[in-house]
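Chain by chain, the residues run as shown.
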Amino acid sequence: MNKEEILKIVNEIFVDVLDNPNVVIDLITTANDVEDWDSLNHIQLVVAIEKRFNVRFKSNEIRNWENVNEMIESILSK
Amino acid sequence: MIHNFYINQSFNFHFDINQDVFDLFVKLSNDCNHMHTRDDYAQQYGFEGKIMHGNILNAFISYFIGECLPVKNVVIQSQSIDFKKPVYMNTKIQLVATVDSIVESVNVVIFKFNFLNNQNVVVAKGKIQIGLL
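Sequence lines, in order, name chains A and B.
Going by numbering that gives the first Met the number 0, the first sequence opens with residue 0, and the numbers climb by one from there.
Going by numbering that gives the first Met the number 0, the second sequence opens with residue 0, and the numbers climb by one from there.
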């Protein structure tokens, strides 16, 4: 799966978790750019992403994510 | 902390739904719908008698998470419940909760649970996600 395909799936996860069909993310999107991407929803996003891609992140890995690109790089690295 | 949990770890508790529980829940919720308070009314809709509030079961979930886990510094992050069968007064309810997944990166434990009645029939089932602080 390439980065674009993963981004598309991650976008679907954002739509579902944030319950907002209008959410559109790209690689440079950060939490500040998305309404409702708060700390609790961040946990729900991680839970959903781990389940969807069948991957396990480390807590320090998550803490270092600066934007969606780094999130996707983490998925790709598994 | 999170290492107190493992996949398929099971928890099992019994609760009584009796007049005291019912009265306390009515006092808390102010839900006096006839479906919960009048046998004749509930029977019109095919039930054996007045049915207990489904959300009484959620109070038992609250007790389970707050009081019965091996760690106390937890919060419920999400919870869902499907009601499958009516529950009547003076029913012994069994809660069986099993650890379904652990997301170590965000200190999350997800349980699947069933509530069973005296006849071992599932009356409700669902999922709870807790965060360990």
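For the record, the hints were derived by calculation from the structure and aren't laboratory data.
A couple of the hints might just be wrong.
[To be verified] Straight-line Cα separation of at most 25 Å, PhoX-like style, residue types lysine-lysine; simulated pairs:
(1) A/50 x B/124
(2) B/26 x B/91
(3) A/50 x B/26
(4) B/111 x B/26
(5) A/50 x A/7
(6) B/83 x B/124
(7) A/50 x B/111
(8) A/57 x B/26
(9) A/7 x A/57
(10) B/91 x B/126
(11) B/83 x B/111
(12) A/2 x A/57
[To be verified] Chain A residues, not near chain B, derived (Cβ > 12 Å throughout):
(13) 1
(14) 2
(15) 4
(16) 5
(17) 6
(18) 25
(19) 27
(20) 29
(21) 38
(22) 45
(23) 57
(24) 60
(25) 65
(26) 68
(27) 73
(28) 75
Where is the CB? At the ideal position from N, CA and C, for every residue including glycine.
Each hint tested on the structure:
1. A/50 x B/124: holds, 21 Å
2. B/26 x B/91: Given that 25 Å is the threshold and the Cα spacing comes to 21 Å, the pair holds.
3. A/50 x B/26: Distance ~41 Å between residue 50 of chain A and residue 26 of chain B Cα, so the pair is violated.
4. B/111 x B/26: violated, 29 Å
5. A/50 x A/7: holds, 16 Å
6. B/83 x B/124: holds, 8 Å
7. A/50 x B/111: holds, 15 Å
8. A/57 x B/26: Violated, at roughly 46 Å.
9. A/7 x A/57: The hint holds at about 23 Å.
10. B/91 x B/126: This hinted pair holds, its Cα atoms lying about 21 Å apart.
11. B/83 x B/111: Within the cut-off at roughly 15 Å; holds.
12. A/2 x A/57: Holds, at roughly 20 Å.
13. 1: holds, 24 Å
14. 2: holds, 21 Å
15. 4: At roughly 23 Å from the nearest Cβ of chain B, residue 4 of chain A sits farther out than 12 Å, so the non-interface label holds.
16. 5: holds, 18 Å
17. 6: Answer for residue 6 of chain A: holds, closest chain B Cβ roughly 20 Å.
18. 25: Its Cβ never comes within 12 Å of chain B, the nearest being 24 Å, so this holds.
19. 27: holds, 23 Å
20. 29: Given that every Cβ of chain B is farther than 12 Å from that of residue 29 of chain A, nearest at about 18 Å, it holds.
21. 38: violated, 10 Å
22. 45: Non-interface label fails for residue 45 of chain A: nearest chain B Cβ at 5 Å, not farther than 12 Å.
23. 57: violated, 6 Å
24. 60: violated, 7 Å
25. 65: holds, 17 Å
26. 68: holds, 18 Å
27. 73: The claim breaks: residue 73 of chain A does not keep its Cβ more than 12 Å from every Cβ of chain B (closest is about 10 Å).
28. 75: Residue 75 of chain A clear of chain B: closest Cβ-Cβ about 16 Å, beyond 12 Å.
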